[in-house]
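Since the structure of chain A is provided, determine the placement of chains B and C on it from the hints.
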Amino acid sequence: MTIELVLFFLLAVVAIGAAVGMLLSKNAVHSALFLVLNFATVAFFFLFLGAPFIAMVQVTVYAGAIMVLFLFVIMLLGAEQLRQPSTVLPWQPPLTVFLAVVFVGAAWLYFANAGPGSLAAPPPFATAEAAGAFGSPQAVGQTLFQTYVLPFEITSFLLLIGMIGAVVLTRDDKKR
Amino acid sequence: MTIEPFAPVHLLAVLPEILLVVLAGVLITADLALPAARKRELGLYAAVGFGLVLGVTLLVTLPTVSGGLIFGGMLRHDLIAFAFRVLFLFAGVVTALIAVDSPTIGKEGEFFLVLTAAVLGMNLMAAAADLIMLYVAIEMTSIGLYALAGFLRENDKSAESGLKYFLFGAFTSSLMLYGFSLLYGFTGQTNLYNLAAALTGLPLEASLLALLLVLVGFGFKVSMVPFHFWAPDVYEGAPTPVTAFLSVASKAAGFAVLIRFLLAAFPGIESIWTTLIAVIAALTMTIGNVIALTQKNIKRLLAYSSIAQAGYMLMGLAALSANGVSAILYYLGMYTLTNLVAFGVIVLVGRVTGSDEIADYAGLSRRSPGLALALLVAFLSLGGIPPLAGFFGKFYLFTSVMQSGLVWLAIVGLVNAIISLYYYLIVLKVVYLGTPKDEAAVYPVPRPYQLALWACALGVIFVGAVIGPWVNIAAAAAGGLF
Amino acid sequence: MIPTSYYLALSAVLFAIGVTGVLTRRNAIIVFMSVELMLNSANLTFVAFARQFMDLSGQVFVFFVMVVAAAEVAVGLALIVAIFRSKQSISLDELNQLKG
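In the order they appear, the protein sequences are chains A, B and C. This note's numbering puts the first residue of the first sequence at 1493, with every later residue one more than the last. This note's numbering puts the first residue of the second sequence at 19, with every later residue one more than the last. This note's numbering puts the first residue of the third sequence at 5, with every later residue one more than the last.
Chain A with its partners taken away, still in its complex shape (with noise of 0.2 Å):
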């Protein structure tokens, strides 16, 4: 068992725990703060996976800006007590934790053996010089502004939609 895989597991299992508690959670705050330990450790992965950019901006956008405006929401509209009880049937979660199992298994199963390709161990970099770049922001950044600029561009589009329609959709129309 090298370093990397006993690392590995530790922060699977952190991972998939943090998941568990946002799930089970009666406070939202606290759902909150664990999927923010999930995505930290989400980010920890990519950096195991040779992509230190992602791995940034995963930390930056996606446990700082996102997860930050969740909990702000949370507070905003005092829901951290989650007070009405249920009308969920009583075989419902079971249920559907049941087909999740099921269905991770058979993932498990069909990834480990009969997997397309060959998914051992991804094919080890030339030199380190070579691990170096991979990933890292230039070569993101070429392959983004060369190849999905299109998208890149509709996406700057997007965020205008994204942002006005937040603001059209809480504004106080008392003060017009």
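Because the hints were derived from the structure by calculation, they are not lab data. Think of the CB as a built atom: it goes at the ideal place given N, C-alpha and C, for glycine as much as any other residue.
Okay, derived cross-link-like pairs now, DSS-like style, lysine-lysine, Cα gap no bigger than 27 Å in a straight line:
1) K175(B) x K91(C)
2) K314(B) x K447(B)
3) K314(B) x K91(C)
Examples of chain A residues lying across from chain B (beta carbon under 10 Å, computed):
4) A1599
5) Y1640
6) V1641
7) P1643
8) F1644
9) E1645
10) I1646
11) A1658
12) L1661
Just chains B and C, lined up with the frame of chain A:
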């Protein structure tokens, strides 16, 4: 398929999209500059803007050669993308026109801005040839539509419909994204046209799993069973011009993506997905039509009717032939015109009576013969009565299905068409033979409205009577995919 | 080296947890957080495969997914705030104005 290196002429191919961004800028500026008294002109600007972009599209961007991946393989510049673009822009024009005098949304510049963004997203959806472009375009459209559905934030129903649409949509699109990730993972490609070659060597379960996940996302957009649950609630709660736009353009965009994706990326497992789509089509038609029989609210009735119409169109996809796709295109054109007329009438009647219940349409023929006539044309076309366009649309779909050997599906479709006639005729009976509750009610039809309704209603009659050119266009576009 | 299939199994687990969250929780914000978890698991799959194929398209896709998620969160939370203002509650069980 080779990716063409960038040439300035490619910019002409996306000229409509560039102009739509310019239109968005114009609308924002006008919204800031116009005094409150003149705000209603914003809708007219939007409608004229869409009309201009439509004109430019027709004149300038007609693709001379079918196919051709441009912008690094992001878009495919072919006839089918062109045909869908025309459809979306036309739907945008009509939606803007019927929203102009709306007391709640007609004066809000942001409404027309988000509408422009949604049309832009749909244009890109129809032309997208790469998973990344497809995802960004789908999300752009969807986010715009979530905001539009929930636009009347003070109105309980609208806010609720926006939230339901959003949660359902976000869930299905993340399922679709997981499917995209598996497709990328199994093949190492993000371009749709390279996926097929890479998928052929792989075990069947791989393609099937990815197909099922992806179908969830696309199925949501076209409201096929079992992903149709959002449609009645959202159609009922959203502001009616938004419902009109949703029912027409969003569905067409979903079909554009579905057709292109299934034909391009999954040719290897054709036999499986055609059977699957055929079964889903049968279920969708039947469930849509049967539940429509019990509806008392006209917007919900049209929602279930739209679900059933999606079922008919899915038949064309199951036929797996150029004729089938051509039939879908013709049917979508007919359906766009027809539904816009129907919803146009509903917006007006809703504005005057304040209600969307069918019972309140009683005797409409006496209070406003023009509106009743428009509704008559629309519903007869939806029901499939000759010589209106709906008849030939269904006929074309049924023949293409039978040509592909799926006779059982054509029979199910025929039975469904007969069932649907019942509820369409019931509404018409109420409209023409019912006694109006309020004889003195006046239904003023503003100018932009008249233009929109006349254009669409005449279109329905014309497209149904003179079918030659439309079928040729549809067939040419479909041919580009095979 | 860690086999790619381990990462895929992990992302499948996270995805399943997200789906469970969407289908069983009644609080709109928690449901939305579960959707974010699902998106994240898809991101992990993309990056794992990008490493497998030594192809940066997967990482670029993740970049776009994050941007889209940000815009979606803005609009989605705005809708939730709008609902809360009118109903003082964000439980999905209380969304019953639209009935069939």
